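**Student:** Heads up: the protein sequence lines correspond to chains A and B, in order.
Mapped onto our numbering, the consecutive letters of the first sequence carry residue numbers 15 to 235.
Mapped onto our numbering, the consecutive letters of the second sequence carry residue numbers 15 to 235.
Everything labelled a hint here was simulated from the structure, so no lab data went into it.
Some hints here could point you the wrong way.
The list makes no distinction among identical chains, and a pair is therefore deemed to hold if it is satisfied within one copy or across any two copies.
[To be verified] Listed next, the in silico DSSO-like pairs over lysine-lysine satisfying Cα-Cα at most 30 Å (straight line): (1) Lys125 - Lys144; (2) Lys73 - Lys144; (3) Lys98 - Lys125; (4) Lys208 - Lys31; (5) Lys31 - Lys125; (6) Lys144 - Lys208.
Only a predicted model underlies this, so the values are computations on that prediction, with no experimental measurement involved.
Letter by letter, the chains look like this.
Protein chains: 2
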Amino acid sequence: MSESAEKNSSSAEPVSKAVVSRLSLYLRELQHLVRDGRETTSSSELGALLGVTDAQIRKDLANFGQFGYPGIGYRPDELIAAIKRILGTDQHWHAALVGAGNLGRALLGYKGFRQQGFRLVAVFDNDASKIGTRIEDVPVYPMDRLPEIARDHTIRLGIVAVPAAAAQEVADRLVQAGVEGILNFAPVTIRLPKTVQQVGVDLAIELEQLSFAVVRCGQSG
Amino acid sequence: MSESAEKNSSSAEPVSKAVVSRLSLYLRELQHLVRDGRETTSSSELGALLGVTDAQIRKDLANFGQFGYPGIGYRPDELIAAIKRILGTDQHWHAALVGAGNLGRALLGYKGFRQQGFRLVAVFDNDASKIGTRIEDVPVYPMDRLPEIARDHTIRLGIVAVPAAAAQEVADRLVQAGVEGILNFAPVTIRLPKTVQQVGVDLAIELEQLSFAVVRCGQSG
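Bound-form chain A, shown alone (with noise of 0.2 Å):
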């Protein structure tokens, strides 16, 4: 009998958002955990370090199965290497980044990618000027190489970078390259098909979020 009497172990049924997301916070919090050392933790401490409740994360972790020993608690290296294969970070993909302006450069020089086994192996671009150059040690390539370049590196994931008006004709390039995932980082929803994974970042949408969180807190209690 799991706390959360809905959910049953390793279901394929649907798992929200906000769930997801702390798996990551968990993994970064137990991957600094190893990296001081330390062979057990509990929901408690992790819980304390993360700044939601115990309850919450043996809940979110309910729904993937039965993790930790009673009266030991975690074993981090065990739930680090659980919580990547619920991910999918157990396995190392291949990502190719569209658009290399200031928010493609940023990506590129984003250490926490490869940390967890997410690799940029391509940029593709129009601008003939950066055709042919490295950033950050990843080739340039013109949008008509996309096919060519993303069987040969088994490129799986495609990253969005370019202004709105041409993120849609970006994704049906990724989609016909085979990708299977796109992250949109353009302020616009595009439509993909059914068997294409979607995750779009706003960055408006996470300022709007805060200015929720100061307007609302500032009203109540």
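Assemble chain B onto chain A, guided by the hints.
**Tutor:** Just chain B now, with coordinates in the frame of chain A:
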């Protein structure tokens, strides 16, 4: 009687991050509709445009009150005003950006912020070669001028775009300068007083959401 029996309108009970994110998406799509000259819409139409169910839209809005007209649907301009009030973006927010690297530059060039009522009024960086310059017409200051500039420009939000190792110290200084909320791009959990709100943007977490979706949808039906 609303569709979601547990919810009362306009109460300050916790609303999930997922609901708030969807409000932002509704806002974007309504803004498109107004730009196209549309005077009415419906939860079915919005849902079809955004790939969510009409029931979800009605349920999300019911957290915050009663919207729309029987037999007519929603008036986009009215619903835009209501959602902006909920998100706090009916007011203008001045924000300070800390970190003028590639990510900082990308954020400064990002048009979506201003469209939604956020204005980056100052950039702070320790690099002497950047101080005194302007990036996207926003002046770059040294960190020690933060308290003064924050006061003079009524800066209420801080955006942290510095390496992980510097993030906590930068956040502490933003708190001392009186910001009410922090948007954190560094891939670490920062600790803040309870009175200061935080939204963390870890770009690898977004990719983990995507790999999770790809792996999960590949496994099941």
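**Student:** Does each hint fit the structure? Answer for all of them.
**Tutor:** Tested hints:
no.: 1; hint: Lys125 - Lys144; result: both (22 Å within a copy, 23 Å between copies)
no.: 2; hint: Lys73 - Lys144; result: neither (48 Å within a copy, 47 Å between copies)
no.: 3; hint: Lys98 - Lys125; result: within (18 Å within a copy, 35 Å between copies)
no.: 4; hint: Lys208 - Lys31; result: both (18 Å within a copy, 24 Å between copies)
no.: 5; hint: Lys31 - Lys125; result: both (23 Å within a copy, 26 Å between copies)
no.: 6; hint: Lys144 - Lys208; result: neither (33 Å within a copy, 46 Å between copies)
In summary, the structure is inconsistent with hints 2, 6 from the numbered list given earlier, while agreeing with the others.
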